[in-house]
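4 protein chains.
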Amino acid sequence: MSHLTEMLRTHPEPAESNGDLARECIEACSDCAEACTICADACLHEDEVEHLTQCIRLNMDCADICLATGRVISRAGHTDAPTLQLQLQACQHACETCADECEMHARDMDMEHCRICAEVCRRCAAACERMAGALVA
Amino acid sequence: MSHLTEMLRTHPEPAESNGDLARECIEACSDCAEACTICADACLHEDEVEHLTQCIRLNMDCADICLATGRVISRAGHTDAPTLQLQLQACQHACETCADECEMHARDMDMEHCRICAEVCRRCAAACERMAGALVA
Amino acid sequence: MSHLTEMLRTHPEPAESNGDLARECIEACSDCAEACTICADACLHEDEVEHLTQCIRLNMDCADICLATGRVISRAGHTDAPTLQLQLQACQHACETCADECEMHARDMDMEHCRICAEVCRRCAAACERMAGALVA
Amino acid sequence: MSHLTEMLRTHPEPAESNGDLARECIEACSDCAEACTICADACLHEDEVEHLTQCIRLNMDCADICLATGRVISRAGHTDAPTLQLQLQACQHACETCADECEMHARDMDMEHCRICAEVCRRCAAACERMAGALVA
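Chains as they are written, first to last, in this note's numbering: chain A, 319 to 455; chain B, 319 to 455; chain C, 319 to 455; chain D, 319 to 455.
So here's chain A without its partners, still in its complex pose:
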């Protein structure tokens, strides 16, 4: 069992039905913040950095938004559902915009780190969308 699963399992007020979605969302946000931080740095090292400035900026925005989202979802006492949903929607949007930009550079400039980062962003967008959906219901 991962440490995250164990931490959530031993929480005195465990998230019931949403537990798996929350864990998936926390992991996806953490992975995405990490991938975007590294992708920004990798872009800075590329010879064609002047074509990657928008990508770097979106990477940084996405990393910061994923970080905040993951932390908020980690605090299991979800009494403020409207804030959570807006935050999850902002995160989904940030991830999709970043994935769009990264996919363009993966395709046109053969940037491998952008291709992997885009995949991680897509997974995070999907996890945020599922989690936001569960909060409505």
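Don't take every hint at face value.
As the list claims (entries may be wrong) - Okay, the calculated bits of chain C under chain B, using three or more residues with CB under 8 Å as the criterion: (1) 352 to 363; (2) 366 to 379.
As the list claims (entries may be wrong) - Take a look, some chain A residues computed to stay more than 12 Å from chain D by CB distance: (3) 336; (4) 342; (5) 358; (6) 363; (7) 367; (8) 370; (9) 371; (10) 394; (11) 403; (12) 425; (13) 426; (14) 427; (15) 447; (16) 450; (17) 452.
As the list claims (entries may be wrong) - So, partial list: chain B residues that the calculated Cβ filter (under 7 Å) puts toward chain C: (18) 362; (19) 368; (20) 371.
Worth flagging that the hints you see were computed from the coordinates, not collected in a lab.
For glycine and all other residues, C-beta sits at the position ideal for the given N, C-alpha and C.
Put chains B, C and D on the given structure of chain A with help from the hints.
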């Protein structure tokens, strides 16, 4: 002139009409993240901490969301307006929820740090609302 | 292969000999920030929260320091070794202090989330120590 | 009185002799994180971005380290002095390295945002040094 005003003025692509709103919003997010971080710590030190756990949790959520929002607004190349607007709305909500909770403790438990924190949260909510409104137009 | 391994492998200037240590350190910091954030929230939900305030505070400090450390290590152009080493040492210390506190509550109050959090903190402290050692050499 | 002064004044366990140094340090870290975030974005917008990649990377490291340092100092229950001191030293180093790099671009490339950012970094380095000194005594 504050360092923030100077930094924004010397940016090679300065925000035009939204400049004052952006500066106000960055400052309000930074102040609010700071106030919420201190309010959470102050609540932890209070004798009645068991009545303040929800306040501490909302303080921490608000601090993390304000931080992300301030950073994203600081990156002036606002090409992804939908993400920004959702992030500003999430921040406005987080600030209002935190202010509601803090005001309750200011009133019922005479908590001075909660009273001041609530004021800072209200200012940040208003700044986020104005900034989000300017992005639509 | 994990996304992190792939991201680091496709970086245009991959960390040579330190690559595995860097990956291990980034992962450990991310896991520890996550565990500490959840442990703080779990502590806030416990009936004996008034005995856990120091633990919550150390959890929050440790989460913030791990986050900064993981991000800095993720930016592979390590030209400022003295800063990195001090940051790794600060992180090692924060993790050890937090582990000490958590272990006490795991033992005396049978707090399972504190026991798991302490293990994650110990792993992070060890990873930071190894990484700091590699930077000297 | 600033909100920060008021927040620290109404904390149930106010920092005694170190109070002014702590406030100064929290403010300096917050200003520096802000200036570095904007400087990184401004550098990304410059035509000569390929000469500014090291500056951008150091700006981001400095912003992340200042953020963590400011948050840790904001939690007034300073029972773990060794961690605090190492964190303050890491922050001082990060600020000085970033200031050195920014001053170079201010001089050689006439970058105004780098000149202002360097000043903010120097102030933060000095505030961290003073705060670290007070913790020893």
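Comparing the hints with the structure gives:
For the region 352 to 363 of chain C, the stated coverage by chain B holds: 4 residues have a C-beta nearer than 8 Å to a C-beta of that chain, and at least 3 were required. Residues of the region 366 to 379 of chain C lying with their CB closer than 8 Å to a CB of chain B number 6, which satisfies the three-residue condition for coverage. Taking the minimum C-beta to C-beta distance to chain D, about 29 Å, the non-interface status of residue 336 of chain A holds against the 12 Å cut. Its beta-carbon lying about 26 Å from the closest one in chain D, residue 342 of chain A satisfies the requirement of being farther than 12 Å from that chain.
Remark: the non-interface label on residue 358 of chain A conflicts with the geometry, its nearest Cβ contact in chain D lying 8 Å away (cut-off 12 Å). The claim that residue 363 of chain A is not at the interface with chain D is violated, since a C-beta of that chain comes within 12 Å of its own (minimum 7 Å). The claim that residue 367 of chain A is not at the interface with chain D is violated, since a C-beta of that chain comes within 12 Å of its own (minimum 5 Å). The Cβ of residue 370 of chain A does not lie farther than 12 Å from every Cβ of chain D; its closest approach is about 9 Å, which violates its non-interface assignment.
Some Cβ of chain D comes within 12 Å of the Cβ of residue 371 of chain A; the nearest lies about 5 Å off, and the non-interface call is violated. Against chain D, the non-interface label of residue 394 of chain A holds: every CB pair exceeds 12 Å, the least being about 22 Å. For residue 403 of chain A, the requirement that its beta carbon stay farther than 12 Å from each beta carbon of chain D is met, with the minimum near 26 Å. For residue 425 of chain A, the non-interface assignment is confirmed: its Cβ lies about 22 Å from the closest Cβ of chain D, beyond the 12 Å cut-off.
Distance check on residue 426 of chain A: its Cβ is at least 19 Å (rounded) from any Cβ of chain D, clearing the 12 Å threshold; non-interface status holds. The beta carbon of residue 427 of chain A is kept farther than 12 Å from every beta carbon of chain D, the shortest such distance being approximately 15 Å. Here residue 447 of chain A stays apart from chain D, with its beta-carbon at least about 28 Å from theirs, past the 12 Å limit. Distance to chain D confirms residue 450 of chain A as a non-interface residue, since its nearest Cβ pair spans about 27 Å, more than 12 Å.
The beta carbon of residue 452 of chain A is kept farther than 12 Å from every beta carbon of chain D, the shortest such distance being approximately 31 Å. Hint status for residue 362 of chain B: holds, given a least beta-carbon distance of 5 Å to chain C, under 7 Å. Checking residue 368 of chain B against chain C by beta carbon gives a least distance of about 5 Å; that is within 7 Å, so the hint holds. Satisfaction of the interface hint for residue 371 of chain B is found here, the shortest Cβ-Cβ separation to chain C being roughly 5 Å, below the 7 Å cut-off.
Consistency note: the structure conflicts with the earlier hints numbered 5, 6, 7, 8, 9.
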